[in-house]
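Chemist: Starting from two chains that each stand alone, build the complex the way the hints lay out.
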Amino acid sequence: MPQPRSAAEIGALYQEMILDHYRRPRNKGTLEKADASVEMKNPLCGDEIGLQVAFDGDCVCDLRFSGRGCSISQASASMMTQLVKGKSTEEIEAIRKQFRELMLGNASAADDPQLGQLRALSGVSRFPARVKCALLAWNALESALAERS
Amino acid sequence: MKLRRNSEFPADLKLRPDSEFPADLKVRPDFPLLANNPGLHYLDSAATSQKPRVVLDALRDFYETANANPHRGAYALSVRATECYHQSRVRIAQFLGVADSDCLIFTRGTTEGLNLVAGSWGMANVSSGDEIVVTAMDHHANFVPWQVLAMRRGAKFRVCELTPDGRIDLDFLSGLLNKRTKIVAFSHVSNALGTINPVAEIARLVREKTDAILVCDGAQSAPHFPVSFDSLGVDFYAFSGHKMLGPMGIGGLIGKREMLEEMPPYQTGGDMIEFVHDDRTTWNVLPHKFEAGTPNAANAVGLAAAVEYLDGIGMDRVRAHERALMSEAQKRLAVIEGLHIYGPPASERSGVLSFTLGDVHPHDLATILDGEGVCIRAGHHCAQPLMRRLDVPATARASFYVYNDESDIEALVAGILKAREIFGYAPV
Ligand SMILES: Cc1ncc(COP(=O)(O)O)c(C=O)c1O
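Order-wise, the sequence lines are chains A and B.
Position in the first sequence counted from 1, then plus 44, gives you my numbering.
Going by my numbering, the residue at position 307 of the second sequence is 291; the numbering climbs one at a time, nothing skipped.
Only chain B is shown next, with the shape it has when bound in the complex (with noise of 0.2 angstroms):
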């Protein structure tokens, strides 16, 4: 099926006024890649965001006074450095609503939170005839583990299909799911669409009809509006640090008590074992059974920081902001001739705008935007099934965050009649 492009709706569809959610945030200066660097239009948190200073200052900070390889040495310095790491997860655990931080594992970000479920619990219990489900918007580490595992099982690979405009067709995932379904792996948010997905709903529909596991995708959530995983109705949710602020190589994978327990390590090594006997191992408790080896202290504290950071401001004013900038950017891009954008409707949407211009590759727009100072992403964005579905090779996206304010718009705009002039467009 295609897809339909959505500058078919109008462009104010559902919008609500913008008085509404003022895109008032002004913390610019707090990033110094870009205080540094005023001419820049970061339109690219979908794939990874700036950093603050107090990140920055964090992760100094811990190396400068409390760097020691954390639950290995006696003394005074080691010990502390394992309660700054034990300090991060508890606040991060409370950023994102888990009540019980030993349920949240740092991993590497989302692919290996992603990875660890399948590895794990997948493995141990998905067999031949089994069947598991993911959604043709996923993102590749969505979509790939799943895949790989239902080859290794001999279960069924399902792709749930999409509605017209870009959104989970629950008619259709309905139809999918049965008895034999062991896991509905679906993200959050799309990367690709910006798309917010209805978890209540769909954890509703396979809690009604199936025993499977529900494993959702956070990270294009996570980093941008209010999620509590304790009410959220999912068993397992992976995000990563470095689309939230935080550093590059942390994120983790949250997941309920009962069935962490149950499921074997992931990896083996140091840190997660309780008794080494010569011809068998007994495994530590949560959370360190799935963390193997020094863990990555330094980046769960400049993670702590981050969602700090993101605390001060308040996660609903994050949500207000890339709302009011989206509508806004929405507007000002719907008008432009040949200029079509994908997905729901901006008020259903994340800070997440993809679109296409007339026969201009997306390539040479996001060259001829970078020559603007504006930075995009063109390409797949990790989601062939989902452009094999909106029959492009790939389409440009400019994404949203606390940093960006009217002036990347404004430029965004100007890039884009650029390039609509180099490719000899008549002017709009």
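For reference, chain A alone in the conformation it holds in the complex (with noise of 0.2 angstroms):
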């Protein structure tokens, strides 16, 4: 039988820096000009994402998420825009590698500079559930990534 979770893991994830992107989201809303844009949904939940991206180069000059979700999935969301905004697709390969460890359970991962502020995510992979909640916006950058090349 699983053990329910105890509260210092309920602490762990439900963070202030969380809450934070969840109540005031950044790079919220749409790009006029996207070379890239992907729509996902979780339906197992209903969270929904629409993420458009803006490239220079071989760099994501700007990139706007918008739609609806947890705060885990919103607050992912928004971290991964701050995070990835004038990167190059390389780097941002690399990121999201990093990203997906961490979601794995990877400790060292959690110790990675790059991943910034994602790091305050690392509570999510204590929660299987979860993990999908955090991965959404990634996905919908892959498939934006992908669409372009």
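Each pair of labels, with its calculated beta carbon distance range: (1) A:A190 - B:E242: 55 to 61 angstroms; (2) B:G138 - A:R112: 34 to 40 angstroms; (3) B:T32 - A:R192: 43 to 49 angstroms; (4) A:G101 - B:S111: 57 to 63 angstroms; (5) A:A138 - B:R136: 46 to 52 angstroms; (6) A:G130 - B:F141: 48 to 54 angstroms.
It should be emphasised that the hints constitute simulated quantities derived from the structure, not laboratory data.
In this text the structure is predicted, and so the values were computed from the model without any measurement.
The beta-carbon is built from N, C-alpha and C at its ideal position, and this holds for glycine as well.
Modeler: Right, here's the structure in full:
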């Protein structure tokens, strides 16, 4: 029988920073001119995300997200957009892989400075049912990058 | 149309005093999973129920003393298996008020029962220009099969709207009905709102204006209050064993004999045949005609044990217990600032409480409640058409059953207050 979550685990999940991004999402909205746009849904919970990306050469020069969802999916999207803006697709791919490791509970990823604020989401790995929420925006970004290439 | 949240009503609207319906069942020790986990508050019985020891024992007993392929062996053990399977059908039919037990077809559950009617009766009787009516509160299992059938047959698919407090809008329904209406499908009780629908009134309306068949989704009624198919006034009724203390993978479809006899088989194969010639096959009699292949005899035996157990408590008492818990939960939750309850007043709902809390997403709420040992469902409850009308992506849902008691409500309230605190709401 799986044990109920401890208060500490719940506390680690809902950090101040996550709630801040949930309530004041960064880069939320739409771009006037996007090079790639993706809509994604998590049919299990009804969360939806729209992601628009503008490129400058090989760099993501701007991006916006829209949609609705839980605090984890919204905070993850918000932090992701902040972190990847201005980065090359190669850099983004490295971050994306690291973030996946973080969600799988890989402890070294939790110390990786290139993940920046996203490390606040490390508590999610203890909640397998919520990992998909955190990954939704990243999956959208992955298809946006693929759509472009 | 947008549905109103019912917390705009006074919280105790139409509630009778609690003393009339005490929540006095104390059966938790009968359920091994709950007995072994004293800190667990299981409030997701609308999704699936826990199982009492008598059901688990019945399964083991079947496999240890009666296991053989029913209908297929001349030896005594197979005869015993056949007899166990048959007696289970008779017992479950009795529980659901079906005098002619051959009209109870075993299925995997409600979903398969409804698909059986759509695939068999529907494909044989619905044609281009006909109309099929469902309601906006129906579970996808009682929505999609009809939508697909309508598309296949070129029929019109019509969705009956709801009243602002989440009941079937009978005037709207009346307006949809006409001589081309072939099927009216609705749920006895909504799994997402708990609304108990007025079957007799719906049946009267439909019979008055149409020659349609009435299909009732009983997934949420059979477990929770007395149901008698023979006096219900519908043509088909589908239910799931796993929601009524029985095992997963067994349930049933009850139909009127004359219709079941007319209908073509749903699946073909072993057991359902009479004679197989090289060029054609004739069908076995009811119920076998609709039960192709080796049946789920063990789980039928398990479900029979479950209904025996429920009858031991008494279905009136089951309803009274849930009703008392509901009215208590409604009272405790309705005063929490920012909490909105959906659906009609508590006295007119089954043991289902669907709610949202401020800007706390239901999934976050469910995770935080999990931290308090409280299991609730968060999501669209397989009722996306309803969620669109409520204008929310999801709700949180707590649902009660015989093994719940006031301590579960206590834990639910504590968990909700905890969520408020984590999300920075002022203490209440
Ligand atoms: C109202 C209603 N209808 C149909 C179903 C489908 O039941 P099952 O998944 O057991 O086939 C459910 C349960 O999920 C339900 O609550």
